[in-house]
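6 protein chains.
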Amino acid sequence: MKEKVFYGKGMKSIKEEYPDIYDAVVDLNEAVYSGKVLDYKTQKLIAVAIAASNSDRRAVKKQIMSAVSEFNVSKDEVMDVLRVVLLTSGMPPFIKAVNVLNEVLNE
Amino acid sequence: MKEKVFYGKGMKSIKEEYPDIYDAVVDLNEAVYSGKVLDYKTQKLIAVAIAASNSDRRAVKKQIMSAVSEFNVSKDEVMDVLRVVLLTSGMPPFIKAVNVLNEVLNE
Amino acid sequence: MKEKVFYGKGMKSIKEEYPDIYDAVVDLNEAVYSGKVLDYKTQKLIAVAIAASNSDRRAVKKQIMSAVSEFNVSKDEVMDVLRVVLLTSGMPPFIKAVNVLNEVLNE
Amino acid sequence: MKEKVFYGKGMKSIKEEYPDIYDAVVDLNEAVYSGKVLDYKTQKLIAVAIAASNSDRRAVKKQIMSAVSEFNVSKDEVMDVLRVVLLTSGMPPFIKAVNVLNEVLNE
Amino acid sequence: MKEKVFYGKGMKSIKEEYPDIYDAVVDLNEAVYSGKVLDYKTQKLIAVAIAASNSDRRAVKKQIMSAVSEFNVSKDEVMDVLRVVLLTSGMPPFIKAVNVLNEVLNE
Amino acid sequence: MKEKVFYGKGMKSIKEEYPDIYDAVVDLNEAVYSGKVLDYKTQKLIAVAIAASNSDRRAVKKQIMSAVSEFNVSKDEVMDVLRVVLLTSGMPPFIKAVNVLNEVLNE
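Protein chains in written order, with our numbering: chain D, 88 to 194; chain Y, 88 to 194; chain A, 88 to 194; chain U, 88 to 194; chain X, 88 to 194; chain Z, 88 to 194.
There's no promise every hint is true.
No copy labels: a pair is met if it fits in one copy or bridges any two.
Below, a list of computed lysine-lysine pairs in the DSSO-like style, where the Cα atoms sit at most 30 Å apart [unchecked claim]:
# : residue 1 : residue 2
1 : K96       : K162
2 : K123      : K162
3 : K162      : K102
4 : K148      : K102
5 : K128      : K96
6 : K102      : K128
7 : K123      : K102
8 : K148      : K162
9 : K99       : K148
These aren't lab readings, by the way, just hints derived from the structure by calculation.
Whenever a hint applies, use it, and build me the whole structure from the sequences.
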């Protein structure tokens with residue numbers, strides 16, 4: 088499973104207790120992050136954007152941490168993603184994600 | 088205004104009747120699509136992803152059409168974006184966006 | 088039932104076939120639109136705002152039409168509501184609602 | 088693929104052009120609708136509820152049509168699902184789904 | 088009021104200070120959970136599904152706790168509900184709900 | 088910048104590190120809260136409604152605190168806003184906002 092961001096507590100319990108769900112998620116994950124044209128890093132930034140647009144604090148944190156640890160993305164890169172969130176989703180999701188970003192890259 | 092996607096009927100009426108809103112949107116748009124690191128095309132693909140994740144048919148169509156006309160993005164590129172939508176937002180928004188994509192790139 | 092906006096086809100069929108649901112909705116509606124302090128017109132504008140923020144074209148149209156027919160609200164009033172939608176919910180829901188507004192007040 | 092609801096135009100094009108995505112979705116679908124305890128029909132009704140709560144007209148229609156054709160669910164059954172949508176998601180998604188229900192079971 | 092899940096702090100204060108709202112909610116609740124065909128337990132599982140699909144941690148917890156205390160629902164039953172959430176709403180809401188489930192049924 | 092609600096930690100860091108975004112947000116904010124007809128207080132109540140409808144605890148708190156400190160809005164006024172949220176968005180967002188309201192106006 089290329090993408091490690093889902094290896095949280097939740098997925099660990101799924102793996103043990105519901106292996107059929109786990110296998111399906113792993114396969115889906117593999118298909119998703121094996122794009123034909125876009126590289127994996129760009130897809131990760133897209134995942135950050137979607138999590139931020141949905142105002143999902145937990146998912147934003149997971150995705151930013153994963154993007155930083157796997158690709159060493161910079162604050163400016165994530166902020167370029169969040170700029171689009173500001174325009175398309177408004178101030179509250181933008182500010183929420185900016186706070187998470189500052190927290191993760193402990194300003 | 089770099090980004091032409093918002094020049095629909097709505098923005099035209101805003102420009103004439105509410106120039107203060109129009110000017111603020113143009114400035115915001117400029118700030119958003121002048122990222123420090125990511126190029127404009129990547130930001131456009133992120134806008135496609137957010138529109139698709141929100142299941143907003145009209146916005147998906149606008150953003151895909153804009154991405155095609157400005158950057159000649161391919162079907163594979165958009166599909167790589169939509170793969171992430173499938174994983175993070177589920178089947179219904181994914182299929183809705185796939186249908187729009189097929190429609191725009193008149194399969 | 089003070090608020091007539093829900094008397095569409097849907098509510099008519101509910102009234103006939105599911106009177107228990109109908110009665111509960113009528114009572115809820117009555118309690119909602121009998122605010123202690125805010126007048127009914129302000130509450131209607133709030134309903135427009137929520138529908139617009141949720142990018143729900145149908146609900147936006149219903150609410151604007153209802154606000155126009157019951158209170159003769161002006162385009163400027165609705166636009167002042169939509170300004171807040173722009174800031175808090177982003178461009179796509181804003182433009183969608185502006186298009187509906189222009190349509191209803193057939194510019 | 089037990090669940091036929093996704094065999095729309097979108098999935099057909101995916102199958103031909105992006106078989107890796109198609110296979111992953113089929114496997115996921117299989118894992119999802121092979122619950123340990125709940126029967127498939129109950130899971131279908133849950134899918135109706137989620138589509139209705141998300142105010143997704145197209146998905147509501149697909150899911151209701153699928154539930155009717157596969158399990159011959161009655162109007163009362165779907166309405167019992169939509170009652171929960173009314174309480175948890177408010178009037179606009181409820182009415183939108185009621186309209187679809189009336190349309191599908193062409194009253 | 089059949090459904091006790093809403094008897095949190097919020098509803099208690101509403102009862103005392105805004106009895107008109109309280110009464111309307113109690114009546115609505117009664118109408119909602121008095122389905123014609125589906126049993127109350129199935130409707131509760133539907134409420135779990137909607138809360139999970141909306142990524143609402145607090146509501147998921149309330150609904151799962153209520154379903155456990157009123158019907159002694161098992162982990163497998165809730166997971167069968169969450170399987171549908173995974174397919175229709177994506178990984179982040181699914182994992183969030185799985186974490187809550189593990190927490191409530193303190194694995 | 089008329090509206091002080093966004094002067095949280097997030098906006099402070101934006102001002103220092105991304106002045107172009109900051110300036111665009113300040114201008115947008117100015118255009119939004121300079122309505123032609125509605126007064127600023129009504130627009131603030133609309134912002135409370137949208138935050139509550141979106142089930143965004145953090146934004147609800149910010150907006151209620153801001154409305155209280157700037158306009159000394161009463162609990163009854165906010166509750167009249169939340170009544171509309173109950174009807175249009177359902178119980179969970181309503182109760183979440185009621186809890187925040189009770190917390191802010193520390194009952």
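Hint-by-hint comparison with the structure:
no.: 1; hint: K96 <-> K162; verdict: both (27 Å within a copy, 16 Å between copies)
no.: 2; hint: K123 <-> K162; verdict: both (27 Å within a copy, 10 Å between copies)
no.: 3; hint: K162 <-> K102; verdict: between (33 Å within a copy, 15 Å between copies)
no.: 4; hint: K148 <-> K102; verdict: both (23 Å within a copy, 22 Å between copies)
no.: 5; hint: K128 <-> K96; verdict: both (24 Å within a copy, 28 Å between copies)
no.: 6; hint: K102 <-> K128; verdict: both (26 Å within a copy, 26 Å between copies)
no.: 7; hint: K123 <-> K102; verdict: both (28 Å within a copy, 15 Å between copies)
no.: 8; hint: K148 <-> K162; verdict: both (13 Å within a copy, 27 Å between copies)
no.: 9; hint: K99 <-> K148; verdict: both (19 Å within a copy, 20 Å between copies)
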